[in-house]
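> Top to bottom, those sequences are chains A and B.
The numbers in this note's numbering rise by one with no breaks, and the one at position 105 of the first sequence is 105.
The numbers in this note's numbering rise by one with no breaks, and the one at position 231 of the second sequence is 231.
In short, the hints are calculated from the structure, not lab data.
Treat the hints loosely; a few may be bogus.
As the list claims (entries may be wrong) - Pairs of lysine-lysine, DSS-like flavour, derived with a Cα cap of 27 Å:
{"#": "1", "chain 1": "B", "residue 1": "802", "chain 2": "A", "residue 2": "66"}
{"#": "2", "chain 1": "B", "residue 1": "600", "chain 2": "B", "residue 2": "447"}
{"#": "3", "chain 1": "B", "residue 1": "365", "chain 2": "B", "residue 2": "389"}
{"#": "4", "chain 1": "A", "residue 1": "66", "chain 2": "B", "residue 2": "726"}
{"#": "5", "chain 1": "B", "residue 1": "276", "chain 2": "B", "residue 2": "802"}
{"#": "6", "chain 1": "B", "residue 1": "584", "chain 2": "B", "residue 2": "412"}
{"#": "7", "chain 1": "B", "residue 1": "120", "chain 2": "B", "residue 2": "584"}
{"#": "8", "chain 1": "B", "residue 1": "774", "chain 2": "A", "residue 2": "66"}
{"#": "9", "chain 1": "B", "residue 1": "774", "chain 2": "B", "residue 2": "216"}
As the list claims (entries may be wrong) - Pairwise CB distance ranges, derived in the manner of DEER restraints:
{"#": "10", "chain 1": "A", "residue 1": "21", "chain 2": "B", "residue 2": "61", "range": "18 to 26 Å"}
{"#": "11", "chain 1": "A", "residue 1": "12", "chain 2": "B", "residue 2": "719", "range": "52 to 60 Å"}
{"#": "12", "chain 1": "A", "residue 1": "87", "chain 2": "B", "residue 2": "218", "range": "32 to 40 Å"}
{"#": "13", "chain 1": "A", "residue 1": "8", "chain 2": "B", "residue 2": "169", "range": "41 to 49 Å"}
{"#": "14", "chain 1": "B", "residue 1": "55", "chain 2": "A", "residue 2": "12", "range": "45 to 53 Å"}
{"#": "15", "chain 1": "A", "residue 1": "8", "chain 2": "B", "residue 2": "18", "range": "27 to 35 Å"}
{"#": "16", "chain 1": "A", "residue 1": "87", "chain 2": "B", "residue 2": "18", "range": "22 to 30 Å"}
{"#": "17", "chain 1": "A", "residue 1": "12", "chain 2": "B", "residue 2": "24", "range": "28 to 36 Å"}
{"#": "18", "chain 1": "B", "residue 1": "46", "chain 2": "A", "residue 2": "12", "range": "15 to 23 Å"}
Just so you know, these numbers come straight off a predicted model, no measurement behind them.
Every residue, glycine too, gets a C-beta built ideally from N, C-alpha and C.
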Amino acid sequence: MKFLLAILLTAALSFLAGLYSPWWSIAVIAFLVALLIKQPYGIAFISGFAGIFLCWGLLAFWIDLKNNHNLSHKIAQIIPLGGSPVLLILVTALVGALVGGFAAASGSSLRQR
Amino acid sequence: MRIVPFIISTVITVALVFALNKRWGKVPDLGNFLSPQTGFWQNAEGDGEDRNESLSFPALKGKASVYLDERLVPHVFADNDEDAYFVQGFLHAKYRLWQMELQTYAAAGRIAEHLGNDPKFINFDREQRRSGMVYAAENALKVFESDPESKASCDAYTAGVNAYINSLTQSTLPVEYKLLGYKPEPWSNLKIALFLKQMSKTLAGYDNDLENTATKPRLSFEDLMQLDKQIPDSLLPIVPKGTAFAAPDIVPVKPANADSLYFEKRDTASVIQVSKPNPLNGSNNWVASGKKTASGAPILCNDPHLELTFPSIWYEMQITTPNVNVYGATFPGSPNVIIGFNDNIAWGVTNAQRDVRDWYEIQFKDDSRREYIYNGNWTATQFRIDTIKVKGGTDVYDSVAFTVFGPVVYDKTFSKELSKNKALALRWTAHDPSNEGLTFYKLNRAKNYDDYLAAIKTFTCPGQNFVFESRDGDIAIWQQGKFPARWYGQGVYLMPGTDSSYQWQGFIPQVENPHALNPERGFLESANQRPVDSTYPYFIPGNYITPRGISIERNLSRMNNITVDDMKALQNNLYSVMAEDARKILLHNVNEEGLSADAKKYLTTFKSWDLNTSAASTGATIYQTWMDSLKKDIWSDEWRRDSLRNPYPSEQTLVEWIHKDSAFKWIDDVNTPQHETLRDVVTQAFEKAAVQLKKDEADGKLQWAAHKDPTIFHLLKAAVPSFSRKIPVGGWSNVINAVTDTHGPSWRMIVQMSSPTEAWGVYPGGQDGNPGSKFYDNFVDTWANGKYYRLWMMKESEKTDKRIIGTLTFNRG
């Protein structure tokens with residue numbers, strides 16, 4: 001339950017923060033959510049990871065769909081991904097997720113036991 | 001708190017954020033770049049995006065509305081001219097900002113500052129500045145700003161561009177900025193001048209004077225004139241043959257010492273310019289009067305030939321105010337419509353190709369370059385110190401010495417393969433103060449022939465053939481520019497710069513520039529050929545291209561009851577008159593019996609070729625491969641030039657000479673003991689060509705389009721191949737449909753001045769420079785298939801037309 005909450009909160013708040021702040025606000029949000037919701041820090045890592053994976057992944061997927069894979073196909077050649085929109089979305093989600101995961105682990109390990 | 005996990009996870013988080021927030025060499029800051037909220041994803045435009053906006057700016061004087069149609073062409077309605085220019089600037093920036101910036105950075109020699117620490121970029125920048133590009137723009141700016149109408153339109157345009165730039169956020173930046181890692185800077189009137197000077201370089205920046213000078217040890221002046229044949233036998237000049245010319249107002253006099261100090265002097269300067277414009281930069285235009293058309297109304301056609309790029313150099317739009325109602329192709333970077341039509345007239349341009357650049361050898365007193373000898377006195381130079389910023393490197397300082405002739409481009413401090421450290425100063429009409437923008441301002445508002453004449457009178461550089469038609473029924477063409485009056489041979493080589501005797505003695509009076517109005521034959525055309533026949537009383541060297549004019553004229557002469565569809569077909573004509581002439585001579589001279597089996601096979605195909613350079617043609621490939629092989633065989637022993645920057649004598653010249661004289665002296669290969677005949681070289685060349693053709697055939701490249709591999713590249717070229725597109729089209733530079741591999745008709749326009757006006761146009765690109773937009777390249781297939789869009793001169797009452805997909809309203813405040 002808490003796990004699900006942490007994931008969804010991370011995803012939603014990082015989206016909101018991203019409307020007004022630079023990209024690394026995802027780290028700040030993941031950190032804060034993990035600080036507020038008590039979880040073992042291994043689980044915290046996963047919920048931070050999953051939260052940002054969800055936020056960035058879904059956003060990229062949605063934008064890509066409306067764009068008919070036009071730009072992603074081109075960028076996925078500049079970044080050598082063989083022109084695959086799916087791989088590009090995956091890379092996007094993973095990069096954000098990694099930052100989110102470690103930030104969450106940091107927040108979680110800051111909590112008093 | 002659990003200390004160790006905290007420290008580890010925090011350190012990793014901070015390191016990740018730091019690493020992803022930084023550019024690593026050419027790799028962008030991935031955190032930013034990949035973020036769906038700030039990175040490239042934000043440039044991935046959605047289908048059905050809302051294009052309605054309501055905008056307010058204090059700089060506006062009144063109200064303006066922009067209706068975007070289904071091709072994203074904006075139809076601008078403003079209640080005053082200045083607001084219209086503001087909106088034009090805003091729209092150019094909204095859809096093409098990155099391109100406008102890059103082109104003006106290139107003009108100003110600021111490429112290394114934005115694209116990085118590469119010696120190629122730094123040398124390019126140095127050459128641009130030393131050639132006086134910024135100096136020329138500053139001179140032009142003074143003139144723009146002294147004319148109230150020019151100043152007002154430039155100020156408003158600049159304000160519009162800046163209004164858009166100021167609205168940009170990290171996420172709305174065009175994707176190229178995100179990839180390259182810089183941000184736009186404020187626009188200025190100087191940048192408008194820089195843009196126009198970049199066009200001057202593109203169209204009037206080509207000369208072969210230094211290359212000619214390097215031939216002096218091997219070729220006499222007569223040899224050179226024979227090979228750089230200025231008046232081909234088959235020339236069909238722009239001004240119809242037989243037109244009488246007035247006695248010249250100025251007759252330049254050759255200096256007494258010209259034979260020893262100039263024609264026969266064996267100089268050894270051999271400089272290779274870093275960045276030379278493409279000699280193919282040129283175009284076609286023509287106009288037919290009502291007596292030759294089916295509708296009885298004149299039809300005007302224009303297709304400018306430039307490097308085909310994404311984004312396109314052209315941007316289509318309509319501008320309507322109480323004073324002007326004009327539609328056409330505009331240049332992002334400059335106000336006004338450049339090629340287009342209004343309610344009463346239509347106009348277009350082709351490049352004049354005239355030589356307006358000469359080089360002078362300067363004798364400096366010493367290495368300080370502070371003084372040079374001029375008319376017997378040591379004269380002070382003026383120095384400009386340029387700072388070239390280098391991204392990721394230290395600033396480079398360059399000091400350029402300016403003389404009475406112009407800037408000393410090449411000297412001991414900047415020389416590319418310069419021998420004997422000669423100092424070479426450039427005299428270029430692009431440096432002279434002028435206001436080309438005013439010409440377009442006036443053409444946009446012109447109502448008749450007199451207005452057109454008044455508009456073009458002040459146009460200086462780059463010289464253009466302005467074609468014209470009016471609703472009154474007039475058709476005209478005028479080669480307009482500021483052209484030096486030369487004595488025969490002046491400027492073909494590097495000239496002595498120690499005194500004034502080799503300077504230009506004056507300019508050809510404007511009224512004596514080649515022109516024609518309402519000719520008996522009912523049509524006029526220009527396609528970069530020499531504008532006049534040999535009776536014109538001036539020496540007018542130029543980089544002329546003859547075949548397309550011949551082809552256009554042949555067609556227009558025999559056409560009657562011409563329709564718009566006939567003109568579309570003519571612009572897309574693939575027939576090679578060059579090949580038609582050459583084939584006779586090639587077949588006559590080839591020794592068939594001695595040919596290999598492969599060669600015989602190709603010869604058979606060649607014989608039955610329909611002479612069209614179509615995409616699927618193998619005959620076209622065989623012809624061109626044979627000709628290229630023949631050119632190499634004939635020229636390479638003496639001529640030692642084979643690149644774009646140092647081309648061999650033209651195909652036209654070669655074919656005419658071997659047609660006239662089969663013992664043409666250049667046929668013999670000086671490197672072999674025997675004396676080759678025309679039959680020998682033609683056959684030899686074909687055998688060599690056959691080897692190449694066999695390879696091509698094995699690679700699947702025997703068909704003409706596959707052989708040429710035409711591609712429209714993004715301005716960043718090979719760095720972003722996924723932003724480019726291959727276009728399987730035929731054509732060639734000496735054919736009306738002048739598509740080569742990266743160069744060709746960048747805009748095609750046809751305007752019939754009937755009631756209502758019927759206008760058609762297309763360019764190989766799209767209105768939006770964003771590679772993530774569906775409007776990036778949506779016109780390419782239409783263009784490639786020889787099709788056109790109907791150009792819509794909208795009335796504001798049509799604003800609810802279902803073709804409108806978005807409206808931008810601009811208000812004061």
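> Against each hint, give a clear statement of whether it holds in the structure.
How the hints compare with the structure:
For a cut-off of 27 Å, the pair hint linking residue 802 of chain B to residue 66 of chain A stands: about 22 Å separates their Cα positions. About 60 Å separates the Cα atoms of residue 600 of chain B and residue 447 of chain B, which puts this hinted pair outside 27 Å; it is violated. For the proposed pair residue 365 of chain B and residue 389 of chain B, the alpha carbon gap of about 31 Å is over 27 Å, so the pair is violated. With a C-alpha separation of about 25 Å, the suggested pair residue 66 of chain A and residue 726 of chain B falls inside the 27 Å cut-off, and the hint holds.
A threshold of 27 Å between alpha carbons decides the hint, and for residue 276 of chain B with residue 802 of chain B the separation of about 47 Å lies outside it, so the pair is violated. For the suggested pair residue 584 of chain B and residue 412 of chain B, the alpha carbons sit about 51 Å apart, so the restraint of at most 27 Å is broken. Restraint check for residue 120 of chain B and residue 584 of chain B: not satisfied, since their Cα atoms lie roughly 45 Å apart, outside the 27 Å limit. Between residue 774 of chain B and residue 66 of chain A, the direct Cα distance comes to roughly 11 Å. Compliance with the 27 Å bound is thereby established for this hinted pair.
About 54 Å separates the Cα atoms of residue 774 of chain B and residue 216 of chain B, which puts this hinted pair outside 27 Å; it is violated. Between residue 21 of chain A and residue 61 of chain B the CB atoms are about 38 Å apart, so this pair departs from the stated range of 18 to 26 Å. Our hint of 52 to 60 Å for residue 12 of chain A and residue 719 of chain B is violated, since their Cβ atoms are close to 38 Å apart. In this structure the hint that residue 87 of chain A and residue 218 of chain B lie 32 to 40 Å apart at CB is violated, the actual value being about 59 Å.
Between residue 8 of chain A and residue 169 of chain B the beta carbon distance is about 28 Å. The supplied range of 41 to 49 Å is therefore violated. Checked against the hint of 45 to 53 Å, the pair residue 55 of chain B and residue 12 of chain A fails, with Cβ atoms roughly 32 Å apart. A hinted range of 27 to 35 Å for the beta carbons of residue 8 of chain A and residue 18 of chain B is consistent with their spacing of about 28 Å. The beta-carbon spacing between residue 87 of chain A and residue 18 of chain B, approximately 25 Å, falls within the hinted interval of 22 to 30 Å.
Checked against the hint of 28 to 36 Å, the pair residue 12 of chain A and residue 24 of chain B passes, with Cβ atoms roughly 32 Å apart. Checking the proposed 15 to 23 Å range against residue 46 of chain B and residue 12 of chain A shows it holds: the Cβ atoms sit about 22 Å from each other.
Going through the hint list in order, the structure does not satisfy hints 2, 3, 5, 6, 7, 9, 10, 11, 12, 13, 14.
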